[in-house]
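*Asks:* Modelling step: build the complete structure from the supplied sequences, incorporating the hints.
Protein chains in written order, with the working numbering: chain A, 26 to 244; chain B, 3 to 106.
Hints are not guaranteed to be accurate.
In silico DMTMM-like links for lysine to aspartate or glutamate, alpha-carbon gap of 25 angstroms or less [stated by the list, open to error]: (1) B:K33 x A:D121; (2) A:K101 x B:D41; (3) A:K190 x A:D121.
Rather than coming from a laboratory, the hints here were simulated on the basis of the structure.
Listed here are the chains, written in short residue letters.
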Amino acid sequence: MGVATAAYGVSFGALAVAAGLDVWQACVLSLFMFTGGSQFALVGILASGGVAAGGTAIASAALLGVRNAAYGMRMKPVVGATSWWKTAGAAWLTIDESTAVALAQEDPAARRRGFWVTGIVVYLGWNLTTLVGALIGDLLGDTRAYGLDAAAAAAFLGLIWPRLKSHQTIAVACAAAVVAAALTPVVAPGMPVLAAALVAVLVGTTNLLGRRTAREATP
Amino acid sequence: MTLWHIVLIASIACVALKLAGYAVPPHWLEKPAAARTADLLTVALLAALIAVQTLGAGQALVVDARVPALAVAALLYWLRVPFLVVVIAAAVVAALLRLWTGMA
Chain A
26 MGVATAAYGV SFGALAVAAG LDVWQACVLS LFMFTGGSQF ALVGILASGG VAAGGTAIAS
86 AALLGVRNAA YGMRMKPVVG ATSWWKTAGA AWLTIDESTA VALAQEDPAA RRRGFWVTGI
146 VVYLGWNLTT LVGALIGDLL GDTRAYGLDA AAAAAFLGLI WPRLKSHQTI AVACAAAVVA
206 AALTPVVAPG MPVLAAALVA VLVGTTNLLG RRTAREATP
Chain B
3 MTLWHIVLIA SIACVALKLA GYAVPPHWLE KPAAARTADL LTVALLAALI AVQTLGAGQA
63 LVVDARVPAL AVAALLYWLR VPFLVVVIAA AVVAALLRLW TGMA
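*Replies:* See below:
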C-alpha cells in the first residue's frame, strides 16, 4: 500500500502542476483536503476548464468527498476518540486506506491501531510525494509532449478499477462516461462530470441492476 | 475567483464532509439506498473524468494519442500491473505516438 500511495502522490503532484496550479497550491491540497479522489477531480476539471470551471471543480471534489462522510460514520465507534481534537484528527485522517485497514482487523484494539497508523503514515507519504511530483511537473514544462494528459486518464482509471466488481458499478461507470462525453460539446467545462453524477443518484436510489440487500429483502 | 479561492473552498468542503461523518447520527447510513448512492457516486464521477480527460479538448471531442494510451492502461490494469508502471506506460505511449506519428 505504501508504494501505491507514493505512486498516486507523485502522479497527483505532477498533474496538479500540469493543470496550472503552482507547487504551493498542490501541496496545500494534499495537506488540507487530503482525499485523493477529490484532489484528482479538482485538478482534472481545472485542467480542462481553467479558473472559469472553478465552481464545478469544487462541486465535483465535494461529491467525491461524500464517501468520506460515510466512512466517518463507520469509523466513529472504532477510533476511540475521547476529546474533540482527537475526533477532528480522526476525521482528517478518514480516507479509503485508513478505513479499509481498520475494517480488515478483528479486535477493537487492532482496528483502532490500524486506523491511526495507516492514516498517519499515508498522510506523511502523500504529502511528501505530492511535493516531489509537483517539482517534477514544474521541471517538465510542456506536459503534453510527455504524455501527462494521457497519464491523468490512466490515473483515474486506476482509481476506479478496483471498484468495478458488479454489473451495477460497471453499468454506472459506462453510462456516466457516455453522458459526460455526450455533454462535453454542449455545456460548460466541468458540467459534464457533474451531470454524470446524476446517473449514480438515479441508479443508487432505484437500485437498478442491483441485487437486493439482506436488509431490504426482510419485510 | 482565483485558483487559491478554488483550492481553499474545495478543501474546506471536503474537510467539512469528513467532520460531518463523525457528527451525524450513524443510522443515516444504514439506509441501503444512501450507502449505495455514495459508492456509485464515486464510480460515476471517476468514469466521467476518464471520458473528459481522454476525449475532451476544451469543449470539443477529439480522438488523439490519449485514446490508445488509455487502451494500453486498461490492458495493463487487467494484467494486474502496478499503478505507477501503468501511469508511466500510458504517458510513454502517448508521448511516443506524438513524437513518431505526429498524432495530436
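*Asks:* Compare the structure with each hint and give your call.
*Replies:* How the hints compare with the structure:
For the hint linking B:K33 to A:D121, the alpha-carbon distance of about 21 angstroms falls within 25 angstroms, and the restraint holds. The suggested pairing of A:K101 with B:D41 holds, with an alpha-carbon distance near 19 angstroms, which does not exceed 25 angstroms. The suggested pairing of A:K190 with A:D121 holds, with an alpha-carbon distance near 17 angstroms, which does not exceed 25 angstroms.
Figure legend: structure checked against the earlier numbered hints; every hint is met.
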